[in-house]
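Peer 1: Required output: the full structure, derived from the provided sequences and hints.
2 protein chains.
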Amino acid sequence: MSASAPTRVLVLGADAAGMSAAHQALRTARRTGRELAVTVLDKGTHTSYSACGIPYWMAGDVGSGDDLVARTADEHREAGIGLRLGVEVVAADLAARTVTTADGERVAYDELVVATGAPASVPDWALGPDGACWDGIGVVKTLDDGAAWRERFAAAGDGAHVVVVGAGYVGVEVAEAAMRHGFGVTVLTRGRGMSMLEDELAERVDLALCEAGAEVVLGVEVTGVDVVDGRVTGVQWEGGSREADLVVVAIGVRPATGFLAGSGVEMADNGALRPDPHGRVAEHLWAAGDCCEVRRRIDDTWVFRPLGTHAAKHGRALGDSLAGGTLSFDGMVDSSITRFALGEVYLEIARTGLSRRDAEAAGLDPVALLTEGTTASGYMPEAEPIAIWVMADRSSRRLLGVQVVGGHGAGKRVDAAAAVLWAGGTVDDLAWMDLAYAPPFATAWEVLQIAARRVAERL
Amino acid sequence: MSASAPTRVLVLGADAAGMSAAHQALRTARRTGRELAVTVLDKGTHTSYSACGIPYWMAGDVGSGDDLVARTADEHREAGIGLRLGVEVVAADLAARTVTTADGERVAYDELVVATGAPASVPDWALGPDGACWDGIGVVKTLDDGAAWRERFAAAGDGAHVVVVGAGYVGVEVAEAAMRHGFGVTVLTRGRGMSMLEDELAERVDLALCEAGAEVVLGVEVTGVDVVDGRVTGVQWEGGSREADLVVVAIGVRPATGFLAGSGVEMADNGALRPDPHGRVAEHLWAAGDCCEVRRRIDDTWVFRPLGTHAAKHGRALGDSLAGGTLSFDGMVDSSITRFALGEVYLEIARTGLSRRDAEAAGLDPVALLTEGTTASGYMPEAEPIAIWVMADRSSRRLLGVQVVGGHGAGKRVDAAAAVLWAGGTVDDLAWMDLAYAPPFATAWEVLQIAARRVAERL
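Chains as they are written, first to last, in the working numbering: chain A, 875 to 1333; chain B, 875 to 1333.
Don't read these hints as lab results, they were simulated from the structure.
Quick caveat: nothing in here was measured; it's all calculated off a predicted structure.
We treat Cβ as the ideally placed atom computed from N, Cα and C, and that holds for glycine.
Incorrect hints may appear among the rest.
Not the full set, but computed from the structure, chain A residues with beta-carbon under 8 Å of chain B [said to hold, decoys possible]: (1) Thr1212; (2) Arg1213; (3) Phe1315.
Peer 2: If you want it as structure tokens, here you go:
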């Protein structure tokens, strides 16, 4: 290769992390004067789509799958990216700097960016003899999954019953989507559901689901399904069963890093990569997005949090760094949010920071309290109940975590706490800082600050 | 006085600052073992009411003035506070440690807490020969003001026209209130209105008012009113006039510290006191709330920001400190919020930090940009337009200010920025920190963070 030949950047994966990296690399290269030839391979047929939006498409809030596509393949190509869809990479030779596709093609690179994401986990009981899910069973991850669910919902009769296996964010969102179509819904979960929340908040989510008309079955592990003519008709667990016309599997995702097996690259138990803040994994090897763990700043721990917002940020930092820039993704503080909305039932659900278990595992001495209040001044029609859980470390007074369940305006309150966590601030900072107050939006002592103050008084 | 006699704490003013101080002093004294006798004098007839709620009472969102009272006089007395209403203090002898009431009574104290608030400013043109406002003219500050407006609104005919003088938060809120009753509304303002916002955001508020059917007249100074039989019938300014059935004066407030004139206590030009973070002004003299300026942390400057949330916090720190505690009110970052809601028009309006003019006055080198986006992922029905203005200092990269105008969920986004300002963080912190993301609440790159990133790229 001559000195003037462009650096061949090969990106695997055409969603948030990969495409953010690709575009940012080209942007930064224009500034730094580097010559890059960026190629992106993806085994799917879509680029830059919002997986988080699929439950809302299923619900009918979003008109079509195309609406979930932030940038089409053509738009990426017009920006100078060599994009190839339907190309799956099955092996990599890091020493030779080549990857091998499912068709046996070898593709050479100078820099490899792994942004392969994390497909949905599918348990054995969901699969028929051909290795595909039985009819009526599916996951919620790709646009094709979403399209399949739209078809299944449209074909299902009025009295159809949907069993949702898994009660994380996706499980709750999909339960809402199914109920909006008027289907009966049963949510089954191994533990107590909403494992990202403390018990006292998680149970409020369970209750809201029940209030909206769902069945919620906690603490059960699905052992099998009933199938008639290749089509699911029920779900079984130890000591119980439920008739079902449709079964949504929402039990999590797993990093798509199998093609790196045996490469010697360090991975977490689930196969997740652990790139540095610039996206570097090893020499000439970069990674970002759902195929990676991310660094949680509060306890300086690797955790697996496949989220579009981390993917977009880490991808951008990676692309910049690869092209000679200095942007870095300096970890996260474990913020997340969702909502459950059906008829009169409306609940925002959010968290940031550590759980009590995380804090204890980190050797901290957590003090936590739940505080009840209202989202607006009590005399305003906007006022809705809100429950806020705040946790701090006894000796250092450091804020450790905040969780919220409540009405309109409740959820994004965690953002102010996330900013305190980002800065390593104390529960006193949260209690006394200057949040915007007016009666339609808050109480004069904002409920988040009352909650923080109550914890501060107990340290 | 024997060593065991309780310390006589005299609090002037029975609203947020004064009553927070009184209650916290008693709470802390129980812990520190101090003996306090707390007396509160207030010239009005109500305690602990939300002045911020009055426009919503005027609008009809709040059923009665009682709903705005957080704690009644009886509730305060039951907590052990010696409360006397209808008692106005007109002079103080700080050396002798006495105050004199309008009735000529002298009240002795050991510690004096000034929490007298800030009554609404009333221009000469509003006043009749008896020193009271002409019929049909009033301010918006006390519960009595609110009750008077309820009566005036109820008595006004269908085609009544209301002129609101002043286009700050109260002006906009009162305009909304009047329009909700179906009245025609004209907003008159000296400058360009919404002076707490940069031009490019303020004009969006003006446009929203117009879109909702209000007349907005900028850049005029009211010179007089037309009066028939003691009742206002119009408003005049240089070169113009407007017929009016009712005139709301919302041009600001002024600290009620006249009784300290000549006492030698340091005051701002408008008479505001400048207590330290513990509420101390001088020996045996304390103050908090709307009669004070507050310290803005970002540029370490005294500013007059009469807001219930500052009053409650500073009062609490004062009460604690007076009784031997260590709580402190470590200033603010100039956060505020309101909304304008009428029919289809809905706008949240919020700010935190410095204005461009503040930054330049502080010798900083501000770089600011306005960014347009949506409050939720673009494909969601919740998505509404939002405009975010972000300003940072060129050399230090420190975040200096954020302002927002937009739909549902727009306003409280400033809280995350306020937390960064509180911590003295950079615009990069704001751009890269971990805010909670899900499609109904945000875009994958949250619009606030896109706005910060755009500024960061220009430093």
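Peer 1: None of the hints should be skipped; say for each whether it holds.
Peer 2: Right, here's what the structure says about each hint:
1. Nearest Cβ of chain B to the Cβ of threonine 1212 of chain A: about 5 Å, under the 8 Å cut. The hint holds.
2. For the restraint placing arginine 1213 of chain A at the interface with chain B, the shortest Cβ-Cβ distance is roughly 6 Å, inside the 8 Å limit, so the hint holds.
3. Satisfaction of the interface hint for phenylalanine 1315 of chain A is found here, the shortest Cβ-Cβ separation to chain B being roughly 6 Å, below the 8 Å cut-off.
Figure legend: structure checked against the earlier numbered hints; every hint is met.
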